[in-house]
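K.L.:
Chains as they are written, first to last, in our numbering: chain Z, 1 to 285; chain C, 1001 to 1251; chain P, 2001 to 2288.
Hints are computed from structural coordinates only; laboratory data are not their basis.
Do not take every clue at face value.
Pair ranges (Cβ atoms, derived) [unchecked claim]:
# : chain 1 : residue 1 : chain 2 : residue 2 : range
1 : Z       : Y168      : C       : S1039     : 31 to 37 Å
2 : Z       : V275      : P       : G2255     : 47 to 53 Å
3 : Z       : Y168      : P       : I2011     : 16 to 22 Å
4 : P       : I2011     : C       : S1176     : 51 to 57 Å
5 : Z       : T273      : P       : I2011     : 32 to 38 Å
6 : Z       : T163      : C       : N1024     : 48 to 54 Å
7 : Z       : K9        : C       : L1191     : 36 to 42 Å
Quick reminder that beta carbons are idealized off the backbone N, C-alpha and C, glycines included.
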Amino acid sequence: MLNRSLSKKRRGYEVLMKALMLLSVGLTAALVLFLLVYVLIEGIPNITWELISTKPSYLTGHIGILPDILNTVCIVIATLLIVLPLGVGAAIYLTEYASNKKVVGIIEYAAETLSGIPSIIYGLVGMLLFSNNMGTSLMAGACTLVIMNLPTIMRTTQESLKTVPQSYREGAFGLGAGKWRVVRTVVLPGCVDGVITGCILSVGRILGESAALLFTAGFAHTMLTFPTGMKSPGATLTVALYVYAKEQGEFGVAFAIAAILMVLTVIINFAATAVQKHFEKRKNI
Amino acid sequence: MSNVINVKDMCLWYGEHQAIKNVNIEIPEKSITAFIGPSGCGKSTFLKTLNRMNDLIPGVKITGDIRYEGTDIFAKDIDVNNLRKEIGMVFQKPNPFPMSIYDNIAYGPRTHGITKKTELDEIVENSLKRAAIWDEVKDRLKKNALGLSGGQQQRLCIARALAVDPKVLLMDEPTSALDPISTSRIEELVLDLKETYTIVMVTHNMQQAVRVSDYTAFFLLGELVEFGRTEDIFSQPQDKRTEDYITGRFG
Amino acid sequence: MKKNQLMEKVIHGIFLVLGLITVGCVLLITIYLVISGIPAIREIGLVDFLFGKQWASTATEPKYGILPFILTSIYGTAGAIVIGVPVGFMTAVYLSKMASPKVKSVIQSAVSLLAGIPSVVYGLVGMLVLVPGIRKIFNVPDGASLLAAIIVLAIMILPSIIKMSITALDAVPKEYEDASLALGATPIETYFRVSVPAAKSGIAAAVVLGVGRAIGEAMAVMMVAGNVPNMPDSLFQSVRFLTTAVSSEMAYSSGLQRQALFSIALVLFMFIMLTGATLNFFLKRERE
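Turn these sequences into a full structure, and let the hints steer you where they fit.
P.N.:
Right under this line is the structure:
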């Protein structure tokens, strides 16, 4: 009785389901591996010192991506400089100041909505809102990216604020400190990990962004200087990849940029995990 | 009266830690056997070994010989799913699936290959009747089982276990999460069930062991200290440690 | 003392303003899209706009029917879901229930990487691998097609589906699984007949999230779908999505054509809001 094995039907189900699962996992893993290897193999041979250290010239047909690299750095810095105070401030309001549950609900709902809006819509609204007023420029692009990344910074900061023990706050209040003093001395230091995680995630998102930047920051490849150049249009690496691949058919350059982006993505992923692990460890002590 | 389960020299390790030491026990058919002892004495672990639910925990090693109706339950050709069909289990916390009452009961039979609607209907009704909950739920079989009260949920879980037609029912502190009224209903039910099933029940509550069980096994620090008829264990324990425990000197 | 109180109030006010910025942004985006999207719809007529089968914005007698884009977006998303959901779902079940912790963490970081790859990189690889591949395998004149877009979208929504399904499956109480095993069900039977139904709201949310991602994706689709405003009659047709309709003509558009692009964005926005509301519905149910 006991050693009667599973019925054929049940065994078939077992085998089928297990096969489907392994197939799916294998497919997913193979996809990642393929994308990584393919892009690196196609891209790395095309990365030359000349490519990354010069600017392009229409006269000679030479292509260099230095301006795009600098533009990317500028846009990342500008976006973070603006979004950090806004996002951290909003998170502090939600966890420290807000007493009305409805207000909190509305703000959180708004943040969720923002993170669900596709980048092409951001591009369009950014164009209407910023580019039409300050011209197609890195600054207009950065402003658009600020709205996109606001929910990320808010969420990571909020999460880290929730782990600041209530007793710290009570202790500080007990000493007669005012609300602002408590926030400045006890709460703000507690959200450093959230802010760093948020920054890393945002950098990743900015690096990968193209649709939101096409119509706000444009796709010029001229050399710009920070911060005065923020008023001029310029392509980030990702936008440059698109332009070179789709408009100019320069696949070698496109793959070189893709390989650079891929490596940066890997680094950002590891950094985000490492930072999270680091802070989790500290929290458990 | 014959024995359904025979255990010889059984030991169990969680990694380096030995949780059960050389247990020998014979569980009589169509009776209620209670396992008592302080928390962490290994009684629940031992219970879960009988239907091999411990297999799932990584790092567990079991030695010795456990026989169900004469068959070694750890033999290579044993199908653990059939073993668990024969030896059903009811858990400490009522754990109905988040589905309808009907689907909860039908889950086991369906798993074992019964698909005919009329057949399933009959099994559902019989199981619920045997678990003394039919009258309370017959009008809402399609409603979610999580809407029932704690005591009803536990009787539903008993009905669910009965639906696959087991011979033995293992119960791991089945009333510890329930109020006194629900507890006494479950106890009555268990007394009825022993006409048909062999019941092994872990309990923290010594009054409960006295009220319902025919045999009692006292566990301490992974050892089976004493096993015998319940009235003997509680009136004239042979071992000093049993006496200390049942008179409330420790535990 | 009074000065201090005043300062506290001012600071509270500042934080309140910061908190309300997100709300302001959502309102701003909505209002801008509605204001700039309405005029063209009024001029073209809602029915002609939404159900017109022809888009010829630069013709001497321009036609502004966006049915091809709407249908392409719907078919493309549906196709991506049909391919991406089973693969993602099966992967999630394996990782949540069966994989060793090591395998789980390795594959999960691979999936995060998949999520982090910029969409233009997907587009680039799609252009150079998928599009020629489809042309050769199916022997069609142009591989840039609805099918290519579907495959790229299916890959791009995988990470969202896998991550969210794993979260839902990990949260299924172990008690349910124990009960099923104790009834003689095998582990695999248990995962699919007990754990998955118990996590169904979360898995549904994962699917809706995937829908949102697929509808909103622009650049990768732009690079592989051919970008021709055809009705999506076949998988091998070159097509244009709602997202790409907005971006492909924006650079050189003017007048009514430009306004019509804003109207398309408004339609896209409606779709996104609808999926967002559905997502919230499922997430709320999951929490209960």
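K.L.:
All hints, please: hold or fail.
P.N.:
Results of checking the hints against the structure:
Between Y168 of chain Z and S1039 of chain C the C-beta distance comes to about 35 Å, which sits within the given range of 31 to 37 Å. Take V275 of chain Z and G2255 of chain P: their Cβ atoms lie about 50 Å apart, and the range 47 to 53 Å holds. Take Y168 of chain Z and I2011 of chain P: their Cβ atoms lie about 19 Å apart, and the range 16 to 22 Å holds. In this structure the supplied range 51 to 57 Å holds for I2011 of chain P paired with S1176 of chain C, their Cβ-Cβ distance being about 52 Å.
At about 35 Å, the CB distance of T273 of chain Z to I2011 of chain P agrees with the hint of 32 to 38 Å. Remark: the range hint 48 to 54 Å for T163 of chain Z to N1024 of chain C is upheld by a beta-carbon distance near 51 Å. For K9 of chain Z paired with L1191 of chain C, a C-beta distance near 38 Å keeps the hint of 36 to 42 Å intact.
Hint violations for this structure: none, all hints satisfied.
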